[in-house]
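Can you make the complete structure from the sequences, with help from the hints?
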Amino acid sequence: GAVVSQHPSWVICKSGTSVKIECRSLDFQATTMFWYRQFPKQSLMLMATSNEGSKATYEQGVEKDKFLINHASLTLSTLTVTSAHPEDSSFYICSARPLAGALGETQYFGPGTRLLVL
Amino acid sequence: LAKTTQPISMDSYEGQEVNITCSHNNIATNDYITWYQQFPSQGPRFIIQGYKTKVTNEVASLFIPADRKSSTLSLPRVSLSDTAVYYCLVGSGNTPLVFGKGTRLSVIA
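Top line first, the protein sequences correspond to chains X and W.
Per the working numbering, the first sequence runs over residues 1 to 118.
Per the working numbering, the second sequence runs over residues 1 to 109.
No wet-lab data here; the hints were simulated from the structure.
The model shown is predicted, which means the values in this text are computed figures rather than measured ones.
Treat the hints loosely; a few may be bogus.
What the hints assert, rightly or not - Straight-line alpha carbon distances no greater than 27 Å define the calculated BS3-like cross-link-like pairs of lysine-lysine that follow:
#	chain 1	residue 1	chain 2	residue 2
1	X	Lys41	W	Lys3
2	W	Lys52	X	Lys64
3	W	Lys69	W	Lys101
4	X	Lys64	W	Lys3
Unchecked claim - Residues of chain X clear of chain W, computed beta-carbon distances all greater than 10 Å:
#	residue
5	Val4
6	His7
7	Val11
8	Lys14
9	Val19
10	Glu22
11	Phe28
12	Gln29
13	Gly53
14	Glu63
15	Ala72
16	Ser95
17	Tyr108
18	Arg114
Note that CB positions come from ideal geometry on N, CA and C, so glycine has one too.
In structure tokens:
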């Protein structure tokens with residue numbers, strides 16, 4: 001149990017285009033999902049907290065108009081990188097925490113999405 | 001700021017037991033301690049979680065002293081495939097996990 005998927009696993013796009021990344025909890029429901037970004041040889045950096053049915057909470061320095069987050073259901077959150085530029089190239093990872101009482105106090109991570117902007 | 005401090009790197013030979021200690025001096029009463037393993041270009045994989053004393057599962061043990069200001073992840077008889085970055089995190093509820101730099105474990109044949 002506690003499987004989180006991401007789609008696509010990798011994407012290459014031209015500068016100026018938008019890219020949507022999906023994060024799904026496959027066998028549990030999650031009111032809260034988190035989005036991280038990881039650059040080579042570095043640790044994961046929290047970008048935003050995605051809450052089902054409400055606006056996402058962004059970390060300081062993360063542009064909410066550039067990284068659009070939608071959490072439409074208890075099993076799906078999406079991250080859209082708008083007008084992507086080469087500096088947005090990174091490894092994007094989501095995580096989900098099961099509803100209270102299920103599967104412990106644990107967050108489960110997706111496999112990540114590699115974005116390359118040319 | 002990360003709430004935890006770990007050694008940056010460790011080396012071990014195959015078959016040895018590896019212990020990675022993490023400091024979390026400001027752990028809150030409601031916080032759990034969770035360890036993750038990450039391979040290159042993959043998301044972190046849950047290893048083990050505990051609140052106090054000792055927890056053991058099929059892959060690792062987690063030792064937590066009474067004051068909970070530190071914890072030790074124990075990997076028995078490591079193999080080459082255990083080469084990865086190991087992260088220790090503390091938190092609870094729906095608060096996001098803040099990653100530190102982790103410990104890069106290299107297992108040598």
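The hints, checked one at a time:
For the hint linking X:Lys41 to W:Lys3, the alpha-carbon distance of about 20 Å falls within 27 Å, and the restraint holds. Proposed proximity of W:Lys52 and X:Lys64 is contradicted: the alpha carbons are some 38 Å apart, above 27 Å. Using a Cα cut-off of 27 Å, the hinted pair W:Lys69 and W:Lys101 holds, with the two alpha carbons roughly 18 Å apart. With a C-alpha separation of about 25 Å, the suggested pair X:Lys64 and W:Lys3 falls inside the 27 Å cut-off, and the hint holds.
Residue-level check failed: X:Val4 sits 8 Å from the nearest beta carbon of chain W, not beyond 10 Å. The non-interface label for X:His7 is consistent with chain W: the shortest C-beta to C-beta separation is roughly 13 Å, beyond 10 Å. No beta-carbon of chain W comes within 10 Å of the beta-carbon of X:Val11; the shortest separation is about 14 Å. No Cβ of chain W comes within 10 Å of the Cβ of X:Lys14; the nearest lies about 22 Å off, and the non-interface call holds.
No beta-carbon of chain W comes within 10 Å of the beta-carbon of X:Val19; the shortest separation is about 18 Å. Annotated as non-interface, X:Glu22 keeps its C-beta farther than 10 Å from every C-beta of chain W; the closest such distance is 14 Å. With 10 Å as the threshold on Cβ separation, the claim that X:Phe28 sits away from chain W holds: the shortest Cβ distance comes to roughly 13 Å. At the 10 Å boundary, the C-beta of X:Gln29 stays outside the reach of chain W, the nearest C-beta of that chain being 13 Å off.
For X:Gly53, the shortest C-beta to C-beta distance to chain W comes to about 14 Å, beyond the 10 Å cut-off, and the non-interface label holds. Distance check for X:Glu63 against chain W: the nearest CB is about 18 Å away, which clears 10 Å, and the non-interface claim stands. With a cut of 10 Å on Cβ distances, X:Ala72 stays outside the contact zone with chain W, its closest approach being about 18 Å. The Cβ of X:Ser95 does not lie farther than 10 Å from every Cβ of chain W; its closest approach is about 7 Å, which violates its non-interface assignment.
Look at X:Tyr108: its CB is around 6 Å from the nearest CB on chain W, not clear of 10 Å, so calling it non-interface is violated. Some Cβ of chain W comes within 10 Å of the Cβ of X:Arg114; the nearest lies about 7 Å off, and the non-interface call is violated.
Hints 2, 5, 16, 17 and 18 from the list above are not met by this structure, while the remaining hints are.
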